[in-house]
Each structure stands twice: as C-alpha cells, then as structure tokens.
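Visitor: Sequence:
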Amino acid sequence: MSEQTLLKQFLKEASKLGHRLFRNNTGTGWVGKATRCSSPRQVTLYPGDVLIRQARPLHAGLIKGSSDLIGWSVIRVTSEMVGQRVAIFTAAELKTGRLKATTEQQNFVNKINLDGGIAVVAYEFNELKKRWGEYE
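Numbering-wise, our numbering puts 1045 at position 12 of the sequence shown, and it's gapless, one number per residue.
The set of hints was computed from the structure by calculation and includes no laboratory data. Any given hint could turn out to be false.
[Claimed, not checked] Here are the simulated DSBU-like pairs of lysine-lysine, each with C-alpha atoms no more than 35 Å apart in a straight line:
hint, residue 1, residue 2
1, LYS1049, LYS1066
2, LYS1045, LYS1144
3, LYS1163, LYS1049
4, LYS1144, LYS1097
5, LYS1066, LYS1045
[Stated by the list, open to error] Per label pair, the in silico range of CB-to-CB distance:
hint, residue 1, residue 2, range
6, ALA1088, THR1038, 34 to 40 Å
7, PRO1090, ARG1069, 20 to 26 Å
8, GLN1042, ILE1108, 18 to 24 Å
9, GLU1137, SER1048, 26 to 32 Å
10, SER1071, ALA1093, 29 to 35 Å
11, ALA1067, ALA1093, 35 to 41 Å
12, LYS1144, PRO1073, 51 to 57 Å
Glycine residues also receive a C-beta, built at the ideal position from the N, C-alpha and C atoms.
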C-alpha cells in the first residue's frame, strides 16, 4: 500500500470515529518580489530555472520531524471533569513497507506522548486505533 493510500485511509477512518486529523506538510520554498516589466529586458534562463527577485525562504509546516497527520482526539475524562469533552493533540507518522521513522520523527512522537498527547508511528490504522483505546 502506498503512503498516499494509507494517508487517505487514516483520514477517513479517524473521522468516522470522531477524531480530526489533517495533513501536515513540511518543507521550504521560496518567495520574493514580483517584477512587472514595462519595457523589454534580457534575462538568460536555463531549463528548470525559476527567477525570484529578492528571494527569501518560506518554511512551511511545524518542525522537521513533525508527523504526517496532526489534529486532535476528543476524549471524555475523569470524574473531576464530568461530562466535559477535551481535545487531545494527536499525531500519526505514517510508514509503508520497511521504512522507519527518522530520529526527528521518533523524537516528535515521543515528546507528544510524554506531554500527554496521542502519537504513533504507524504502518496501519489499527495501530492508531489501539493507541486511542489506551486513552479510554
């Protein structure tokens, strides 16, 4: 199963169970100044080139190593909070085949769990479902 297929399955199944997960893309792109030309100019560009004037990096997503899917899980809690619903930060790092989580990805998952959230490195949806069950 491809990571894209796995991702779609997680989003669909989590939603059915009342949880909310969103795709968390991370990366760096470039932004800059748009220049409009009112007279002819000569610029040499080569195949694959993109010209961005006054370019600066744009960092997207959370942090390096943050999970593929992030969101929240609605949990009903103890007697001190009778009847209240709370959102618990939830993260799922999806892997297929023999791929393993990077050190940064595993650290992100570990920190979420340590701080009371729900996070897994998962090869199938049941791994996240099992983790939700540990919270009930």
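Visitor: State for each hint whether it applies.
Guide: Structure-based check of all given hints:
1. Restraint check: the Cα-Cα separation between LYS1049 and LYS1066 comes to about 44 Å, which exceeds 35 Å; the hinted pair is violated.
2. Note on LYS1045 and LYS1144: the hinted pairing holds, with a Cα-Cα distance of about 26 Å set against a maximum of 35 Å.
3. Distance check on the hinted pair: LYS1163 and LYS1049 sit about 15 Å apart at the alpha-carbon level, within 35 Å; holds.
4. With a C-alpha separation of about 14 Å, the suggested pairing of LYS1144 with LYS1097 holds against the 35 Å cut-off.
5. For a cut-off of 35 Å, the pair hint linking LYS1066 to LYS1045 is broken: about 40 Å separates their Cα positions.
6. Range check, ALA1088 to THR1038: Cβ separation about 36 Å, and the 34 to 40 Å hint holds.
7. In this structure the supplied range 20 to 26 Å holds for PRO1090 paired with ARG1069, their Cβ-Cβ distance being about 24 Å.
8. Remark: the range hint 18 to 24 Å for GLN1042 to ILE1108 is upheld by a beta-carbon distance near 22 Å.
9. At about 27 Å, the beta-carbon gap between GLU1137 and SER1048 stays in the expected band of 26 to 32 Å.
10. With their beta carbons about 33 Å apart, SER1071 and ALA1093 fall inside the hinted range of 29 to 35 Å.
11. Checked against the given bound of 35 to 41 Å, the beta carbons of ALA1067 and ALA1093, roughly 20 Å apart, lie outside it.
12. For LYS1144 and PRO1073, the hinted distance range of 51 to 57 Å is satisfied, since their beta carbons lie about 55 Å from each other.
Taken one by one, the earlier hints fail for this structure at numbers 1, 5, 11, listed in ascending order.
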